Amino acid sequence: MERPHKSAALPLALAYAALIVYASLYPFADWRDQGIAPWAYLWAPWPKYWTGFDFAVNVVGYVPFGFLCALAVLRTRRATSVWHAVLRATVAGAAISFAMETLQSYLPARIPSNVDLGFNTTGAVLGAVLAAGLERLGAVAHWSRARSQWFTEDSRGALVLLALWPFALLFPAAVTFGLGQVFERLEVAISEWLLDTPFIDWLPLRQFELEPLVPAVELLCVMLGALVPCLLGYLVARSVVQRAVLLPLTLLAGIAASALSAALSYGPEHAWAWLGLPVQVGMAAAFFAGVLLLFAPRRLCAALLLVGLVLQLSLLNQAPESAYFAQTLATWEQGRFIRFHGLAQWLGWTWPFAVLAYVVVTLSRRGGGPTPSRRSERLKVSTRGQGAVTKIC
1 MERPHKSAAL
11 PLALAYAALI
21 VYASLYPFAD
31 WRDQGIAPWA
41 YLWAPWPKYW
51 TGFDFAVNVV
61 GYVPFGFLCA
71 LAVLRTRRAT
81 SVWHAVLRAT
91 VAGAAISFAM
101 ETLQSYLPAR
111 IPSNVDLGFN
121 TTGAVLGAVL
131 AAGLERLGAV
141 AHWSRARSQW
151 FTEDSRGALV
161 LLALWPFALL
171 FPAAVTFGLG
181 QVFERLEVAI
191 SEWLLDTPFI
201 DWLPLRQFEL
211 EPLVPAVELL
221 CVMLGALVPC
231 LLGYLVARSV
241 VQRAVLLPLT
251 LLAGIAASAL
261 SAALSYGPEH
271 AWAWLGLPVQ
281 VGMAAAFFAG
291 VLLLFAPRRL
301 CAALLLVGLV
311 LQLSLLNQAP
321 ESAYFAQTLA
331 TWEQGRFIRF
341 HGLAQWLGWT
351 WPFAVLAYVV
361 VTLSRRGGGP
371 TPSRRSERLK
381 VSTRGQGAVT
391 KIC
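The opening residue of the sequence shown carries number 1 in our numbering; numbering runs sequentially from there.
Be a bit skeptical, because a hint or two may be false.
[Unchecked claim] Quick list of simulated restraints, FRET-style, between CB atoms:
| no. | residue 1 | residue 2 | range |
| --- | --- | --- | --- |
| 1 | Ser-81 | Ala-357 | 31 to 39 Å |
| 2 | Thr-76 | Ser-364 | 22 to 30 Å |
| 3 | Phe-28 | Val-214 | 33 to 41 Å |
| 4 | Val-310 | Val-214 | 18 to 26 Å |
| 5 | Pro-248 | Ser-81 | 34 to 42 Å |
| 6 | Val-241 | Ser-191 | 50 to 58 Å |
For the record, the hints were derived by calculation from the structure and aren't laboratory data.
Everything numeric in this text was worked out from a predicted model, so none of it was measured.
The C-beta atom is built at its ideal place from N, Cα and C for all residues, glycine as well.
Sequences are here, hints too, so could you generate the full structure?
Have a look at this one:
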């Protein structure tokens with residue numbers, strides 16, 4: 001009997017909660033005690049200055065959290081009623097919002113608000129009700145059946161990473177699909193942390209200046225960045241047909257996320273400004289390579305994924321961020337996108353490394369042997385053979 005699939009809702013909910021914490025407490029600087037109770041904001045009057053955008057963001061930002069929490073309860077506790085799941089998700093959303101607003105009392109750059117708490121809780125309720133409605137309509141059960149038909153039983157980690165990939169692309173990247181470009185920023189951050197300490201002398205000095213990527217290397221990075229999530233899907237797809245469907249869907253999701261990121265950063269009229277010749281050729285090369293690998297064994301796809309990801313990270317982190325790109329990041333980090341800063345930036349930085357860890361752990365767990373499903377099939381064949389021998393004797 002094949003083992004049931006583990007739900008991806010719980011790890012997604014935990015990941016989203018961590019991102020909410022980062023987005024709510026950024027920039028984590030200048031903590032101070034104002035001399036009042038940190039929950040004093042609960043009795044504050046209606047704010048004098050507010051916008052519909054702020055209220056909408058507070059609601060929409062918690063809808064996915066409520067949805068994932070309710071879904072996690074429904075998938076892990078089969079006997080739980082949908083309204084019990086809605087209640088649990090609402091309490092979880094209200095609790096994390098209360099904790100974040102309370103901690104914001106100690107941050108000069110953030111303003112705690114009972115209105116934000118109310119709208120955050122409302123967003124969690126809406127997401128939980130949406131999950132409950134889909135459960136009642138049978139959509140969640142239909143997804144579970146479709147997942148069993150499309151993906152292997154150990155596909156939860158890969159599906160979580162694939163679901164996060166388009167959101168990671170929302171944070172502007174210096175190179176299209178170029179996630180994980182952290183070397184220069186990490187170097188500056190470590191230098192600032194060690195400044196005025198004896199440990200600053202321990203920091204090795206870079207002997208070379210980072211050079212911008214030439215068009216050919218940019219093309220290669222685009223191709224690898226588009227191909228990696230496709231290969232990740234190949235690892236858990238059950239057949240060639242599923243791979244053939246996943247390939248264009250994955251690339252289209254990446255293109256849509258990149259266009260949305262450009263529209264948010266530079267304006268809707270520049271939504272496709274990133275689609276230059278190296279990007280077009282790189283995406284075409286990724287699609288062509290994906291077609292050639294449709295019939296490739298899973299272990300070969302895993303090996304190519306590791307090689308491609310390491311090569312892309314190596315190339316990206318040898319290139320500097322342009323001054324124009326740094327100005328774009330400042331718009332996200334200090335301007336109107338500050339609420340999305342933690343949600344997208346950390347995904348963009350850590351997604352490739354999470355994929356590396358996932359593939360390495362998956363390969364080490366399998367240890368070169370057959371998957372559990374194949375092992376069970378072999379056991380069934382062996383048992384049938386032994387029964388036939390018994391009957392013959």
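We went through each hint and held it up to the structure:
1. Ser-81 to Ala-357: 31 to 39 Å: At 37 Å between Cβs, range holds.
2. Thr-76 to Ser-364: 22 to 30 Å: About 26 Å separates the Cβ atoms of Thr-76 and Ser-364, which means 22 to 30 Å holds.
3. Phe-28 to Val-214: 33 to 41 Å: Distance hint for Phe-28, Val-214 holds at roughly 37 Å.
4. Val-310 to Val-214: 18 to 26 Å: holds (20 Å)
5. Pro-248 to Ser-81: 34 to 42 Å: The hinted range 34 to 42 Å holds for Pro-248 and Ser-81, with Cβ atoms some 39 Å apart.
6. Val-241 to Ser-191: 50 to 58 Å: Given about 51 Å between the Cβ atoms, the range holds.
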